[in-house]
Amino acid sequence: EAQVTQNPRYLITVTGKKLTVTCSQNMNHEYMSWYRQDPGLGLRQIYYSMNVEVTDKGDVPEGYKVSRKEKRNFPLILESPSPNQTSLYFCASTRTGFSHEQYFGPGTRLTVT
Amino acid sequence: GQNIDQPTEMTATEGAIVQINCTYQTSGFNGLFWYQQHAGEAPTFLSYNVLDGLEEKGRFSSFLSRSKGYSYLLLKELQMKDSASYLCAVPLVAGNTPLVFGKGTRLSVIA
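Residue numbers (our numbering), protein chains in the order written: chain A, 1 to 113; chain B, 1 to 111.
If you're looking for bench data, these hints aren't it; they were derived computationally from the structure. Note that this is a predicted model, so its numbers are computed, not measured. Among these hints, one or two may not hold up.
What the hints assert, rightly or not - Here are some, though not all, of the chain A residues that point toward chain B, as calculated from beta-carbon distances under 8 Å:
1) Y31
2) F90
3) Q102
4) G105
5) P106
6) G107
Don't be surprised by glycine CBs; every beta carbon is placed ideally from N, CA and C.
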């Protein structure tokens with residue numbers, strides 16, 4: 001089954017404790033992306049990757065890191081989480097090119113206390 | 001850059017028709033996507049328009065006017081399960097990526 005998976009689905013952590021949210025897709029997509037979604041602000045892009053070893057900042061990259069060592073994986077790293085990073089996070093992937101839709105993972109609900 | 005506007009909330013009656021509007025300003029146009037998102041779930045693809053006109057897909061249709069920077073999503077024969085947020089999105093650059101989303105329109109379908 002074609003899918004994007006994220007882990008963990010739910011996480012409660014404390015300020016300053018490094019964490020990684022994993023994202024994996026099995027569709028051989030070139031493009032992968034991370035979004036955060038907050039009430040009233042919609043989906044905002046954190047980082048994206050056009051292919052292996054190619055990553056770029058989105059609209060809200062501060063406090064996040066990413067890596068793309070393999071085509072299927074695109075982990076999101078929070079080196080020192082803060083309460084303002086409490087949010088719902090989505091990973092997405094797509095083939096590059098016109099008209100191709102993005103496929104989203106199920107989401108990770110992160111709470112930083 | 002991109003600027004996308006959608007109404008924040010709408011309410012409609014089961015069985016009725018509702019139109020959700022989206023206006024956008026882009027430096028270059030490369031198509032427009034509509035996604036549906038139920039509360040707490042991931043967005044799912046509904047439609048893609050790159051040429052002017054109406055694209056029909058079952059109960060859902062999407063319209064685009066590139067000269068006016070305007071699109072709408074038309075939902076017919078509304079069902080309770082259509083209660084969700086509807087997101088309009090445009091690519092930032094040529095192609096389909098990266099994608100910039102509007103804040104979404106939350107539709108409530110009432111009996």
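When the nearest CB of chain B is found for A:Y31, is that gap smaller than 8 Å? holds (5 Å)
Does the interface hint hold: is A:G107 within less than 8 Å of chain B, judged Cβ to Cβ? holds (6 Å)
For the hint on A:Q102, does the least C-beta distance to chain B fall short of 8 Å? holds (6 Å)
Given A:G105 as an interface hint, is the shortest Cβ-Cβ distance to chain B below 8 Å? holds (6 Å)
Under 8 Å, Cβ to Cβ, is where A:P106 needs to be relative to chain B, so tell me if that hint holds or is violated. holds (6 Å)
Under the criterion of a CB-CB separation shorter than 8 Å, is A:F90 in contact with chain B as hinted? holds (6 Å)
In this structure, none of the earlier numbered hints is contradicted; all agree with it.
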